[in-house]
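One letter stands for each residue in the lines below.
Number of protein chains: 2
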Amino acid sequence: MAEANINDNEVDIVIAAFHSDLTAFLNEWKPIFSRFHLIIIKDPDLKEELRIPEGFNFHAYTKSDIDKAVGSSNSHLFSGYSSRYFGYLISRKKYIVSVDDDCLPAKDNMGCLVDVVSQHIANLKTPATPFFFNTLYDPYRKGADFVRGYPFSLRSGVSCALSCGLWLNVADWDAPTQALKPGQRNSRYVDAVLTVPAKAMMPVSGINIAFDRELLGPALVPALRLGGEGKFRWETVEDIWCGMCAKVICDHLGLGVKSGLPYVWRSERGNAIQSLKKEGEGMKLMEKVVPFFQSVRLPQSAATVEDCVVEMANIVKEQLGQVEPMYGRAADAMMAWVKLWKSVGSG
Amino acid sequence: MAEANINDNEVDIVIAAFHSDLTAFLNEWKPIFSRFHLIIIKDPDLKEELRIPEGFNFHAYTKSDIDKAVGSSNSHLFSGYSSRYFGYLISRKKYIVSVDDDCLPAKDNMGCLVDVVSQHIANLKTPATPFFFNTLYDPYRKGADFVRGYPFSLRSGVSCALSCGLWLNVADWDAPTQALKPGQRNSRYVDAVLTVPAKAMMPVSGINIAFDRELLGPALVPALRLGGEGKFRWETVEDIWCGMCAKVICDHLGLGVKSGLPYVWRSERGNAIQSLKKEGEGMKLMEKVVPFFQSVRLPQSAATVEDCVVEMANIVKEQLGQVEPMYGRAADAMMAWVKLWKSVGSG
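One line per chain: the protein sequences are A and B, in this order. Mapping of the first sequence onto our numbering: position 35 corresponds to residue 35, and the numbering continues sequentially without gaps. Mapping of the second sequence onto our numbering: position 11 corresponds to residue 11, and the numbering continues sequentially without gaps.
If you're looking for bench data, these hints aren't it; they were derived computationally from the structure. All figures in this text were calculated on a predicted structure; none of them were measured in a lab. Be careful, since some hints might not be right.
Because identical chains cannot be distinguished in the list, a pair is counted as satisfied if it fits within a single copy or across any two copies.
What the hints assert, rightly or not - In silico DSS-like links for lysine-lysine, alpha-carbon gap of 25 Å or less: (1) Lys142 <-> Lys107; (2) Lys339 <-> Lys199; (3) Lys93 <-> Lys68; (4) Lys125 <-> Lys181; (5) Lys288 <-> Lys199; (6) Lys68 <-> Lys181; (7) Lys107 <-> Lys339; (8) Lys181 <-> Lys142.
I would like the entire structure built from these sequences, with the hints used as guidance.
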């Protein structure tokens with residue numbers, strides 16, 4: 001487990017609440033979360049009052065808080081799984097750690113509790129190496145280094161802006177995979193963090209991520225929403241779209257993205273077979289979306305993250321908007337988000 | 001540990017012998033190697049007779065065998081660490097597994113002996129996924145799969161041509177790193193195999209590799225030789241150059257390269273501080289070589305591996321040959337190698 005020297009005031013933990021009773025969830029996380037400030041966003045569709053146990057420093061936001069802050073014309077951006085993006089918007093901290101409310105702390109191969117915050121912040125505070133792949137994984141980790149042949153001029157690395165954690169037990173398969181292999185669980189704890197190379201695209205999952213909000217904040221954008229987006233991860237692709245935007249922007253600006261540790265333990269939720277129809281829509285979209293993000297190039301003039309999101313929105317509108325109106329709406333959402341970041345956020 | 005269904009006749013194990021007495025080395029490997037044919041190449045500088053224990057099906061080649069097969073004008077290609085390439089050349093098997101003679105079998109996290117052949121062949125027999133990164137590593141491994149958002153059209157993958165294994169104990173640091181951190185050992189067994197994404201370059205180490213000779217053979221080329229190349233890995237860069245050639249060719253032809261399992265256990269050998277001067281030369285070269293391989297693009301007309309090596313040699317000669325004569329000699333070696341592959345090899 002990496003040990004990062006963390007200032008409590010540098011971190012906001014953002015939780016989107018799909019269940020009103022967060023008692024069991026938060027009590028499990030208490031050893032890890034209690035020293036940090038929590039931003040809890042209540043799913044706008046959730047009727048009951050939130051139940052939050054004692055011992056946490058938190059601020060909870062409801063639909064009316066969202067409406068008040070962003071205006072009712074923008075509040076649709078923050079429904080369902082995208083409600084957490086409201087937390088990203090209002091945070092003023094350097095780092096955001098965000099974990100789904102169906103996840104609990106995992107244990108490593110030695111049986112020790114994984115400190116998800118410490119590992120994410122260590123990933124973000126140490127450099128990333130997107131321009132040459134280190135075969136022994138993260139060279140900045142204790143006991144690791146650059147392997148023979150790694151150019152010295154690339155060994156100082158670049159700033160890491162996004163850290164993508166993984167999942168034990170219920171892995172982030174899509175609904176068809178989970179439906180075909182209902183008993184399949186991920187039990188392999190891979191003790192590694194790696195920088196995803198520049199120009200390589202990946203499916204970023206929003207289940208367990210952290211980012212440097214000051215470096216990359218506006219790129220974590222709520223944009224692509226499926227018509228039938230539901231309350232299970234496999235019914236959504238908002239995080240996949242957002243992750244590819246963020247990766248393209250990191251590549252363009254010379255920032256790094258890491259993947260691997262820390263793990264969380266994901267619990268059972270939902271029925272994959274019932275979700276098949278909804279997910280099918282998202283799966284089909286990926287066939288167009290992935291080649292698009294693999295080939296899109298931002299103009300040199302885009303020098304800030306906000307610039308990059310605006311440019312990306314323009315290109316999405318132009319190249320994908322005509323294919324399918326959903327992409328056009330994603331582009332509109334990206335434009336609206338950048339405006340909000342500048343007015344409501346810290347942009 | 002992956003279980004590959006291996007036909008003994010598909011595999012040649014190639015060993016370059018820098019020590020005359022291979023008894024201890026081969027006896028340790030007996031449980032894994034004894035069912036396969038071994039090609040043993042005696043380092044041309046080694047004077048004593050090879051000592052090979054009973055129980056192995058092998059063919060040993062000496063300097064005079066090399067001279068006879070390739071002609072004395074070409075035999076300089078196969079000196080020192082490059083002697084193993086003679087084994088690649090004369091093999092007629094589909095798969096080559098090559099392990100340095102200072103390596104012994106490793107144990108995994110459960111204390112089980114790692115079957116290096118089985119894991120390499122499993123890596124080569126299952127598809128690679130260079131065009132989109134799977135965050136849960138090799139999706140074809142037992143218990144693994146593609147994560148949500150992975151396009152279905154990319155899930156059949158491409159053929160894997162090169163499998164790069166790793167090292168426990170003495171890792172493949174360069175001489176300066178080892179000299180600075182003399183006590184540093186790699187003790188982290190990372191239980192993962194991943195496809196190195198297309199266009200990402202990496203330092204391929206020749207210590208523990210396997211490849212599909214029918215798919216990629218001529219790309220494993222002995223080319224860049226340091227003036228002071230010695231008998232320790234950290235005094236060489238031939239494998240780093242060869243690996244970048246192979247990676248560029250795989251990217252061009254749509255083949256995959258995997259990295260990770262299997263591990264071997266590397267023993268102590270050499271004095272890093274004494275090697276610093278020799279290695280310094282190789283390290284300096286990497287600063288030019290890496291950007292070159294990152295940007296080189298082969299013409300569409302290069303449709304076979306042989307074509308690709310010839311094209312690459314031409315580009316090396318043109319773009320790097322004027323900078324430093326060593327690169328020009330590397331280009332000449334690549335041309336000579338392709339000719340040999342066609343005449344002596346199975347090309």
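Results of checking the hints against the structure:
Taking the closest pair of Cα atoms, Lys142 and Lys107 come within 25 Å of each other both inside a single copy (19 Å) and across two copies (21 Å). Taking the closest pair of Cα atoms, Lys339 and Lys199 never come within 25 Å of each other, the shortest separation being 28 Å inside a single copy and 35 Å across copies. With identical chains, the CA atoms of Lys93 and Lys68 are at most 25 Å apart within one copy only, with a shortest distance of 21 Å there and 71 Å across copies. Taking CA atoms no more than 25 Å apart as the test, Lys125 paired with Lys181 passes between copies only; the shortest distance there is 23 Å, against 38 Å inside one copy.
Taking CA atoms no more than 25 Å apart as the test, Lys288 paired with Lys199 passes in both settings, with 17 Å inside one copy and 21 Å between copies. In this assembly of identical chains, Lys68 and Lys181 lie within 25 Å of each other by CA distance neither inside one copy nor across copies; the values are 44 Å within and 57 Å between. For the homomeric pair Lys107 and Lys339, neither the shortest alpha-carbon distance inside one copy (41 Å) nor that between copies (55 Å) is at most 25 Å. For a Cα distance limit of 25 Å, the shortest separation of Lys181 from Lys142 across copies, 12 Å, qualifies, whereas the shortest one inside one copy, 37 Å, does not.
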